[in-house]
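Visitor: Starting from the structure of chain P, add chain Z where the hints point.
There are 2 protein chains.
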Amino acid sequence: MQKLTFEISMSLDGLIAGPNPSLENPLGEGGEQLHEWGVRLAAWREAHGLAGGERNADSSLMEESQARAGAVVMGRKMFSGGEGPWDQDPNADGWWGEEPPFRVPVFVLTHHERDPVAKEGGTTFVFVTDGPETALQQAREAAGDKDVAIGGGADVARQYLSAGLLDELLIHLIPVFLGGGVRLFEPLESGGVELEQTQAIESPSGVAHLTYRVVK
Amino acid sequence: MQKLTFEISMSLDGLIAGPNPSLENPLGEGGEQLHEWGVRLAAWREAHGLAGGERNADSSLMEESQARAGAVVMGRKMFSGGEGPWDQDPNADGWWGEEPPFRVPVFVLTHHERDPVAKEGGTTFVFVTDGPETALQQAREAAGDKDVAIGGGADVARQYLSAGLLDELLIHLIPVFLGGGVRLFEPLESGGVELEQTQAIESPSGVAHLTYRVVK
Chain P
1 MQKLTFEISM SLDGLIAGPN PSLENPLGEG GEQLHEWGVR LAAWREAHGL
51 AGGERNADSS LMEESQARAG AVVMGRKMFS GGEGPWDQDP NADGWWGEEP
101 PFRVPVFVLT HHERDPVAKE GGTTFVFVTD GPETALQQAR EAAGDKDVAI
151 GGGADVARQY LSAGLLDELL IHLIPVFLGG GVRLFEPLES GGVELEQTQA
201 IESPSGVAHL TYRVVK
Chain Z
217 MQKLTFEISM SLDGLIAGPN PSLENPLGEG GEQLHEWGVR LAAWREAHGL
267 AGGERNADSS LMEESQARAG AVVMGRKMFS GGEGPWDQDP NADGWWGEEP
317 PFRVPVFVLT HHERDPVAKE GGTTFVFVTD GPETALQQAR EAAGDKDVAI
367 GGGADVARQY LSAGLLDELL IHLIPVFLGG GVRLFEPLES GGVELEQTQA
417 IESPSGVAHL TYRVVK
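From first to last, the protein sequence lines are chains P and Z. To convert, note that position 79 of the first sequence is 79 in the working numbering; the numbers rise steadily by one, no gaps. To convert, note that position 65 of the second sequence is 281 in the working numbering; the numbers rise steadily by one, no gaps.
Chain P with its partners taken away, still in its complex shape (with noise of 0.2 Å):
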């Protein structure tokens, strides 16, 4: 059956981004310690059209869960660049670069309309006005038998998982302190939700990989 997916790494105090993100450094002061586990990966170079990268059970899982997204959903600034002022144009081409790592359509939650944006590798953003459940249902419809996939943000993650759409959540969990940034789980607006832990691994990189399904 198709799910609607999320993963993201956190780090141990719960945030996402690290304080004073800026163009430089988008995911803010010492945020780049939540994806090295990732990015050293033969998966992740792969899918960013790179070569080389170490091959174990982190990749395998990144693997896995890159082979069974058939669409994406995101948010609009997550599509652009983040938030900051380089998030002021509606047409900006977002900083994905020419082959985004995506390899498969791509919603973009936005108020302004405009075309689709095919790219190289088999990534085309398309833009969608009217709402989450809207972009859903198309990401539904392109990604066929395989899963949706939630880009970001986490406001965006939120959102669906507060409208009872999301149905598996993969926690990177990173031994680290951020001390300040921007938080995964807002507590107000996460109450109410049901979970339960599906599995938790121990990765050869020192982080926990922990999978949670929403019970509906």
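Quick caveat, the hints were computed from the structure, so don't treat them as lab data. Be aware that one or more of the hints could be misleading.
[Unchecked claim] Sample of chain Z residues facing chain P (criterion: CB under 7 Å; computed from the structure):
no.	residue
1	393
2	409
3	426
The beta carbon of each residue, even a glycine, is placed where N, CA and C say it ideally should be.
Guide: Chain Z in isolation, oriented as in the chain P frame:
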């Protein structure tokens, strides 16, 4: 080598107690969900003078953790029953009953001098008025070749963590959202500490037991 350890159950949204704690419900709304995995175990029941309970991988983990604690350090609110109107009497006897589950010397941080109180089953509460380092020193001596456990609250644990005195952190990560309450890690205090994940265990009761070494 003797270690200073802290273990605690935390919700996925980073909380260790729910909203609106009271004398009747010191863990706050929904907070009891954090401890369900533990209170049904034989190891927990035995420490609390009760028969029966489940014996599984969780129970072994808890037994191990109990066996290596030779002394405990805790804050005064943890001794006397949380923050609230019942916390006004410096001579209050606490909420641990006649046979507290610690069964080792417990050093209570307080501003009020007071004679030690010996309870049944091996627990003696010793009141320390000259600060957390002195309390730790006394607990270290009492523990002999065993470890010293921080009994809470979270503010006391963060104080030892920030001072570079904590050696090991064991988080039982529970797949619930409490949606508000007491946060384990206050971002601004926890920056600058380096951790290494030493173990991640998938529990039979659907929680994750995550052990971290504090890198000195």
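Visitor: Each hint should be assessed against the structure and marked as holding or not.
Guide: Cross-check of the supplied hints:
{"no.": "1", "hint": "393", "verdict": "4 Å, holds"}
{"no.": "2", "hint": "409", "verdict": "6 Å, holds"}
{"no.": "3", "hint": "426", "verdict": "6 Å, holds"}
Checked against the numbered hints listed earlier, the structure breaks none of them; every hint is satisfied.
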